[in-house]
Amino acid sequence: MSDVKLTSVQKHYAGFHALKDIELSIEPGEFVVMVGPSGGGKSTLLKSIAGLEEISSGIIEIAGRDVTREEPGDRGIAMVFQSYALYPHMTVTENMGFGLKIMKRPKAEIDEAVRHASEILRITDYLDKKPAQLSGGQRQRVAIGPAITRRPHVFLFDEPLSNLDAALRTQMRVELATLHKSLGATMIYVTHDQVEAMTMADRIVVLRAGRIEQVGAPLELYRNPVNHFVASFLGAPRMNFVEGRVTALGAAATLEVPGLPPLTIPALRPDHGLTVGDAVTLGIRPEHLRANPGGTVVIAEATIRLAEQLGRETVLYADAGALRTTGSDTGTDNVTLLLGEGAPPAEGSTIRFGFDPADAYLFRSDGHTVSAPKSST
Amino acid sequence: MYPRQIPESRPASRLLYVTGVWAVLLLWLMPVFAIILTAFRTFEDVMAGNYWGWPTEINFRGNLTAVFTQTDMLDYFVNSLIITIPSTVLVLVLSTMTGYVLSRHRFAGATLIFSVFIAGNFLPQQVFMIPVRDLMVSLGLYDTFGALIIFHVAFQTGFATLFMRNFIAALPHELFQAARAEGASPWQILIQIVVPLVRPALAALAILLFTFIWNDYFWAIVLTQTDAVKPVTAGLANLRGEWVSSWNVVSAATLFVAIPPVVMFFLMQRHFVAGLTMGAVKG
Ligand SMILES: Nc1ncnc2c1ncn2[C@@H]1O[C@H](COP(=O)(O)OP(=O)(O)OP(=O)(O)O)[C@@H](O)[C@H]1O
Ligand SMILES: [Mg+2]
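Chains X and V, in that order, are what the protein sequence lines are. If you read the first sequence in the numbering used here, its first letter stands for residue 1, the second for the next number, and so on. If you read the second sequence in the numbering used here, its first letter stands for residue 1, the second for the next number, and so on.
None of these hints come from the bench; they were simulated from the model. All residues carry an ideal CB built from backbone N, CA and C; glycine is no exception. Any given hint could turn out to be false.
[What the hints assert, rightly or not] For the chain X half of the interface with chain V, some residues (derived, Cβ under 10 angstroms), not all of them:
| no. | residue |
| --- | --- |
| 1 | Met90 |
| 2 | Met103 |
| 3 | Lys130 |
[As the list claims (entries may be wrong)] Derived EDC-like pairs (lysine to aspartate or glutamate); straight-line CA-CA distance at most 20 angstroms:
| no. | chain 1 | residue 1 | chain 2 | residue 2 |
| --- | --- | --- | --- | --- |
| 4 | V | Lys282 | X | Asp193 |
| 5 | V | Lys282 | X | Asp165 |
| 6 | X | Lys130 | X | Glu94 |
| 7 | X | Lys5 | X | Glu30 |
| 8 | X | Lys5 | X | Asp21 |
| 9 | X | Lys101 | X | Asp74 |
[Stated by the list, open to error] Sample of chain V residues with no beta-carbon within 12 angstroms of chain X, all distances over it, derived:
| no. | residue |
| --- | --- |
| 10 | Met47 |
| 11 | Ile85 |
| 12 | Ala119 |
| 13 | Met278 |
Excised from the complex, chain V in its bound form:
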């Protein structure tokens, strides 16, 4: 088996290894634990400085009720869905098409186009903060859902294309030849052969994109202004302003905000099937 386990005969190394794993895990999960615990606390508990201990009284319900009745989180949440779902779907559609073309069709400039897609990923986003904002203003899209959707689609398609191109390129070449010989058009090949076979990749990509876009804060504050279009990330920051030191309510809101990516993961999980191309070509 590889990686090889540390043999039983070396207890010291084993102990060091196991301790290390737990230490990293704890460090990694600490903030999450803190938020979960805080979401269950009462305001008094927070004021008393009980940040890490067990909540003196379980008040999760109260905190959640506060989130829904006294803040606009539900509106922000809907805004986020309005932004994230179309963006994710559009990126998936576009990147499947670009990935297919770039992996299977040779044409002049293909490498250049692919390089542009990749290069876009390496630019720090802050660099085009002002140009993109100005662009949206002059398009009349500033402070609309459109601005965020267009930006996310444009920006994520680069990475998604790289991802899909490599996945489609790994499909057996003969399948495409066979379909072509049977008279299938490139569109028919894309829809009837490629899409079913890259389902696991699309599912993985959907989770990544959904999480990226859902969690975006930077562009949310660059491209929106009014509460009517703000996504949850920006809304959460507002909350912190209004509800100074009500960490219990902010934490409950945070948990609520974190639900969709988790749900997304479980929805997509059944598409992670290994060996979809098994049996296609001779071993």
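This is chain X alone, in the form it adopts within the complex:
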């Protein structure tokens, strides 16, 4: 039995279709992360599950109960808002205990719950302050408090760590993961942070323009994106995309790509639906482009425009002449390479790089992935 089940959920705002036929089934105790571009409907979906937005049609079940028409307070959820939503006239303690006070719990229990939550969130020093007296990061941590004190069946987090500095964010990430383990509660978590998504999620839901693009385990989504969008959305730096054309088809597909020698994608999905002459997009992750390669790989040359040294690794942006990428992070048609340790080549110098076509992805002109799924090893 699933813990949260959405069946053909639709949401219309006046004249705007915000959620399109959402089908999602979340297991008890699962940690589901929702990602997607801004305006994709993540907050709307969360609020719909919470009952704060009325859905236009569809069914929402929580713990096996149809709650589609129930009040938020009766659904067994707690939500942490993207914009904090702290009661400005109450102290941190009062803010965190408000939900329990509404439930008419004994004072001792409220105090204990607030103390426990404030230790997890490391806000014990500000318990008597009002929200206006706190910094953005402190407010954000306080905003998580009420959810923890209430111990709901389902936690709904809307970008709860977005305003924290890197160190605090990592700490909180670990704390939330620990909390998830110790409570065993179901959590639905919205984030823009790829690291949070990849590390915290049991499954990731990619939402774009009100539609679920793909659902799956983080590595599965990273290795086998179902379409061009998911491929470009997950992974930083972003996958390189280049336009090409199919010149021969069999079990494999041979492509002609400007700036590259003819290359063959070794395996295709059975339902690829390609014909010779079709325009396709080739996708190669930056870490699969290797410098100074040997062996049976596709080779090209480029001039390095920019080298971003991140310590452990280096991101290179290189101008590969006729080999032009589309839709890159940088907005240029440069190729992106991710190199491991070692002295990076100087800016302005020429680099020879190559890739194994078995690592590449092939997308049909409608965006669907047509190269065969990569094995999970």
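Dock chain V with the ligands against chain X, hints included.
Here is chain V with the ligands on its own, set in the frame of chain X:
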């Protein structure tokens, strides 16, 4: 800074501006000065036609004693309090509720109800003088405190609703959602979230309402007849009839009557705090 000051380099404009400000101020305060000065005069001074000059003899005490011992002003004053305080409180309570519902809950006819509240404000009061009087007569309330209280509550709630609705609508939406998600009922949200956050608005509204109702003269004479229920405004008019040309006593009474709204202002002033909702939502 905006509005921008007139630069030092343009003395002529500055002079014109400063003179203008003082002229308007003087004109505005002239009647008040006249009343204050007159309240300090002796009757002889008034008879001698010394209306604007300095009082020849300070007789404020005498005038006030006359107000309290020789007129019924103290009774009228109590009547006014009996009318004004419950009316103000009731309007505040009602308009907080109507404003909350109209700003936060969508229901069929909400816009219509709100329009009725607003439209009521635009009707000239004289238009319903006779219907309201007849209504009160047939309800058996004519010439009672009830008549004035009911009328003031009914009439002021329109304006107060507009005021409170807009104020409550400006509170961050997420606060209401958060409270709802925590299981708070609409009543709990109203009392524990809305009321503390609209305190400055309630204080401002309390001052306005108190002053409006306290100063009302029109409905006082339309809906009351006997001295036992007349508020100070009507009483003051009586005084002028009885104490023809004793302007010194009438002025002293007037000053006395003007005290409550001023006191009200100072009582409420500490509630005018800016930025009550600061820190509620992400900048
Ligand atoms: N109350 C509303 N009325 C009309 N349209 C709305 C309303 N709330 C959201 N929308 C629209 O619905 C879409 C989804 O909004 P939503 O807040 O769910 O996006 P999101 O995925 O959370 O984005 P972000 O990552 O920026 O928080 C947006 O295009 C937005 O304009
Ligand atoms: Mg959002």
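Hints, verified against the model:
no. : hint                 : verdict
1   : Met90                : holds (8 angstroms)
2   : Met103               : holds (6 angstroms)
3   : Lys130               : holds (7 angstroms)
4   : V:Lys282 to X:Asp193 : holds (18 angstroms)
5   : V:Lys282 to X:Asp165 : holds (16 angstroms)
6   : X:Lys130 to X:Glu94  : holds (9 angstroms)
7   : X:Lys5 to X:Glu30    : holds (12 angstroms)
8   : X:Lys5 to X:Asp21    : holds (13 angstroms)
9   : X:Lys101 to X:Asp74  : holds (15 angstroms)
10  : Met47                : holds (59 angstroms)
11  : Ile85                : holds (26 angstroms)
12  : Ala119               : holds (26 angstroms)
13  : Met278               : violated (4 angstroms)
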